[in-house]
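Here are the chains, one letter per residue:
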Amino acid sequence: MRFRLRRFISVLVKEYRHILREPRTLWMIFLSPAFVLVALSFLFASGSGHVDLAVWDHDRTPLSREFTSNLDSNVDFSVTYVDSYKEIDDLLVDQKVDAAVVIPSGFGDTVRDTEGASVQVILDGIDTFAAGQATGSLLGYASTFGLKLSRQFALPFPPLQVYSQHAYSTGTDRSDSMIPGLIPLVFSLPAMAAALALTRERETKTLESLVVTPVRPLEYLAGKLVAYVSTALVGLLPVWLVATVVFGVPFRGNPVLFIAATAAFLLANMGMAIFIGNLVRSQQTATVIALFVFFVPGFFLAGLIDPIDTTNVMSTGISHLLPVTHFVAICRAIFVKGAAISEIWTSVVGLLGIAAVWMGLGALTFKKRTS
Amino acid sequence: MKDVLHRIWSVVVKEFLQLSRDKVLMGFVILAPLLELALMANMVGDGAGNLPLAVVDKDLSRASRELVAMLDRSDDLRLEMYAENVDQARQSMQQGKVAAIVVVPPGYGEYLTDHRQGAEVQVIVDDSNYVVAIVAESSVENVAAEIIQDLTARTTNISGGPVKMSFVARFNAALDDRPRSITAMLGLIVYQVTLIIAAQSFTRERERGTLEQLRITPLGRVELIVGKAIPTLVIGLVDSLLMIGLIALWFEVPVRGSLPLLLSLFVPFILAQIGWGTLISLVSHNQQQAVLFVFALAMLEVACSGIIVPAADMPKMMQVVSQVSSVQHFLVILRGVMLRGAGFSSVWVPSLALTGIALAAATIAWLRLRAGLDTDSLRQRLRAAWQRHQKQVRRKPTPSARPGRGKPRLAPQPVYVARQVPRRRNHPRP
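Quick mapping for you: the protein sequence lines, in order, are chains C and W.
Be aware that the first sequence starts at 1, since it is given in the numbering used here, and climbs by one per residue.
Be aware that the second sequence starts at 372, since it is given in the numbering used here, and climbs by one per residue.
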């Protein structure tokens, strides 16, 4: 009943044969992460912060014209002039503009009053990201415009200036922050393959013939895992080259830590995948479930785009059950921040814990099935 | 024609019988989308809100405290800690505990009201996630703009500054982020379900050896494909309808446009996935490869869809390339019709694009199908052609080195011929 190295190795050899026999599967496990990463990486340009505006000038005084023409010549805005609310609404529905600016009649007169003039801005409430950009840009524009007017009164200088600095000097290039975040997602591919390898054996009935051999379930699982994790880890090299050499993402951390974290991530994912594979009989079902678990949540729950809202207990809890959440944080910390293990130990421990939990569940359910 | 319809119908019946036999799969295909959508819609927060902020206040004046209070009150930031110095704050950022650091230099309060010199604050943002960096930066800038407005108002006696902006959000007054992300989730879930079912249609049969059985029936290839596509389409539409119901009733996402229009535009979207999926299932040897293909394709589609990067922010070249992504067009339609109440006249361009993509995918799948249902048939054909070519070359006498002098000689026979031995397979594929 003991774990025998020899039997483990024979399973390992069998798995390598399976992988090597189908050159296409091998290439897909090995190269597809790098390939997908290349394609994804072309997406990230520097953000433009550009806002498409519709402008309706009720006032038509020199001052309102100054307001709109300055707006027009500002590189942050491109302006469409309109003449009715109907037109504004149509442009918003057609998603042609992000916001509309309505200058009321009497703008030129009231702007010098004690009340000041009020400009209405209609935002597209659906695209909240663009709405936020439009709000910021327009507020900034209004305050500089107001300042320019009030210079005629009192203030010859901007009373408050904000100097902003990027802590890790990634500049305006988004790929520096997004590519390390995408590495975990592209590395879900090998884990899916491993899960299917298991269900496949059940479906093609070769698992039965394995049961009658002296191989123990644990040896069998270990052999499978080591085979797939090692194949996937070799695929780390092209991914790393793509990120650092092709796209110039800085790698400031410790390579050994990175490799170890990737191995832990792969183990956690495969444990999860094996658990799924044990629950269902057919490959098709396993695939559908695996896709549900790995694909969409990876984009929305892992903190890849929007950071995880730590004030929401439920979402924080579920997010941290997914290995990808921890690994996104680790990848970003290692690549961009150059973090040492003492600084990211919480994520590392979380990842290891989850790996242990899922592997344990996978092993437990597996035993029951074969015996 | 009637025969054709009859044969297609029998494939449809067969597919549904198979599906209904696999209770687990059926349950997953119908219920998992609803469950996942409900779970994620509950979890998704309000974008990048509530970012933790560290403040290094070296001024400790009334004005600086007011600034910190304003930062804490703003929607996107919350005060996490006061730090002694910048290094300490940087350390917290390194550990991921704070997303931004605001440094208030000594003399801030004085300079702010001093009429000869302006005040300044420094903000350091965590740019290891660019969304965080942008949001943190702009919310500090917004607070600064507010302070400037205040000051201008005080010095010029104009309350709120000379130009006030009053913001109204159309379609979504609270500027809630959820309608946007929930629609994206809905699109992605429909996408993944239909793509994976289609991608496994032929691979599964091939792996189980039932493809051979199907081939000896009188079914034509196109009939087979159409018959297999219909159940997927039905499942996709049922899923979509259920999910729309869920988000409209539970999450109060409005359905402003016409529901029939919306559902009819789901059809080309799902058909596009069926086209790609069928293509994948025709070229992969087994389900493992099929799912790897699906995953890689899905990553690319999502990347181009504007979920990770807004479409307008992509490089020009990628904006063109990303037009191939059916998800991108579909999200424009979904958000247009559902959330903005757009009619067909507003969304005909993406609808046309979607139809084009569906047609293109179907055409490629059909072309691939003409090469045969076997994955190797193309390769085998090429190999056979190559072998024929080789034989001809061998038979053809090599031209003499010195032309015009006697009969052309045959090429000298080599001592031994290394034959191409076909690679041994341990287990022949079914």
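Hints in this document: simulated from the structure, not taken from any laboratory.
Glycine is no exception: its CB is placed at the ideal position from the N, C-alpha and C atoms.
Worth double-checking, as some hints may not be accurate.
Claimed, not checked - Below are the DSBU-like pairs computed for lysine-lysine, each with C-alpha atoms no more than 30 Å apart in a straight line:
| id | chain 1 | residue 1 | chain 2 | residue 2 |
| --- | --- | --- | --- | --- |
| 1 | C | K14 | C | K205 |
| 2 | C | K205 | W | K394 |
| 3 | C | K148 | W | K394 |
To be verified - Sample of chain W residues with no beta-carbon within 10 Å of chain C, all distances over it, derived:
| id | residue |
| --- | --- |
| 4 | R444 |
| 5 | T581 |
| 6 | A661 |
| 7 | A669 |
| 8 | T726 |
Said to hold, decoys possible - If the Cβ cut is set under 7 Å, some of the chain C residues that face chain W in the computed set are:
| id | residue |
| --- | --- |
| 9 | V75 |
| 10 | V79 |
| 11 | A117 |
| 12 | V121 |
| 13 | G136 |
| 14 | L139 |
- Query: Which numbered hints turn out to be false for this structure?
  - Reply: The structure conflicts with hints 3, 6, 7, 9, 10, although it agrees with all the remaining ones.
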